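Peer 1: The chain contents come next:
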Amino acid sequence: MANTGVVAALQAALAAENAAIFGYGVAGAHLTGSSQAAAERDWTGHNQARDTLAAMISARGAVPAAAQASYQLPFRVHDASSATRLAAYLEDGVTRAYLGLVAVSDQRLRRFGAMAMQDAAQRAASWRGSTLAFPGLTPLAP
Amino acid sequence: MLLASAAALPLLLGTAGCRSSDVFTGPDPLAGRPPLGHDVLTLQAVIAAEHGMIDLYRAAISGDPGHQRAARARMLRALLAQHEQHLVRLKARLIVPPGTSASPSPSPGGSGSAFFSPGPVSVAQLRAAERASAADLVRRLVTAPPALAQLLASIAASDATHVTALGG
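Residue numbers (the working numbering), protein chains in the order written: chain A, 945 to 1086; chain B, 17 to 184.
The hints are simulated quantities; they were obtained by calculation from the structure and are not laboratory data.
Covered stretches of chain B, going by a simulated chain A footprint (3 or more residues, C-beta under 8 Å):
no., region
1, 91–100
2, 177–184
Beta-carbon label-pair distances, calculated as ranges:
no., chain 1, residue 1, chain 2, residue 2, range
3, A, Phe1019, B, Ala108, 30 to 36 Å
4, A, Ser1014, B, Arg74, 47 to 53 Å
5, A, Ser1002, B, Pro114, 47 to 53 Å
6, B, Ala86, A, Ala981, 26 to 32 Å
7, A, Ala1009, B, Gly48, 48 to 54 Å
8, B, Val139, A, Arg1020, 37 to 43 Å
9, A, Val1007, B, Ser138, 47 to 53 Å
10, A, Ala973, B, Ile111, 49 to 55 Å
11, A, Ser1002, B, Thr159, 26 to 32 Å
12, B, Pro113, A, Ser1074, 37 to 43 Å
13, B, Arg93, A, Ala1003, 45 to 51 Å
14, A, Gln992, B, Glu100, 33 to 39 Å
15, B, His54, A, Gly1073, 34 to 40 Å
Here are a few chain B residues that face chain A, going by a calculated C-beta distance under 7 Å:
no., residue
16, Ala169
17, Ser170
18, Ala173
19, Ser174
No experiment lies behind these values; they were computed from the predicted model shown. The beta-carbon is built from N, C-alpha and C at its ideal position, and this holds for glycine as well.
Isolated chain B, as found in the complex:
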């Protein structure tokens, strides 16, 4: 029987004193998993930031419902819904090889820094977070693959309109 399974092949090569790279022209199966691509890392960071934005809106909405005017609460819920749509569309693009554990990198000085503030969240904080998010997305899109760049540009434009809706 001359057939060998893919799982057994590295063992066989090791026994024979060969490196797998002597045989394969593709990635070395013994060299560990390849690093995640730039686009995957970008998506992971943007998804993490979007989660942060959603948390911030939820905190703002639930923070002081008794004193919020109904119109403002309605507006915040509408903007939150759009961030949830951003998240769905971003996640739909993310394909991470199984078993990888690279953590998303929050953007230094970008929207990530505005998220985790204790206590009630004000409209001014939301506005600042939206502004920072739009800027961060533009910074990221210039090096992203074209289709991802377009999605990030659209989300940045949406965030920019949120700044205005929040009184900016």
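Isolated chain A, as found in the complex:
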């Protein structure tokens, strides 16, 4: 039962990584120069994270969920500005997805999830140009 929860949390993180890989492919096509280089670097990082998560899921006797053929983008991406917003949006989603791993009972996985949240939140802040008080969490109502 505990393993079921762990695998579900890992699959959720994997799904977010797959969505980010797709999204960065779209965003990168609208970026140039250092922004494009940053998008390529982040795309590579998400590919590595995907492979790590897939291996962790397989090690627990489960099958890593496959990426979808395409993903519905949250808004139209047609220029560098919207591509940059998409990158921040993708990283916010990845940050949120790793939050599930922080709630499992395995302490090593909790630490892994927390560190992955930090990486994603830093990338999101870089794309957004500002930081958040609660990356991955829903802000409290005012």
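Could you slot chain B onto chain A? The hints should help.
Peer 2: Structure of chain B alone, referenced to chain A:
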């Protein structure tokens, strides 16, 4: 009249030579207050550290306003505001039984040690404090209840972004 108030019951039991534990299956009302739970102690320590971080930012902002560039002062105020939000959300989770006086434990070698430095506070000191805070929160979250662990992880992620914003 056979009714006895809860306050009078221990007296009655004492008179009869009974321990309250002979009657109640719950916590012994004569044994003093139960110790605070691990999650409460964790929250108290994190709240104390957050207060320290806020003090540090306030010191940095007020330390040398004449020489600070406006953009940097604006950034520091924005990061301070986020620490104040952390504090509000942490305090909202803290429910301490009335009358307890357990003091929060500052983290050894963690963010607490970076706070109380006399004199002007530099951006480098803020950066070091943020880095230490993020590490301390991750250390604490691995043994915290799941919902608290998620809040601590989110605050740690926020602190990590502050390190980068401060040039780290």
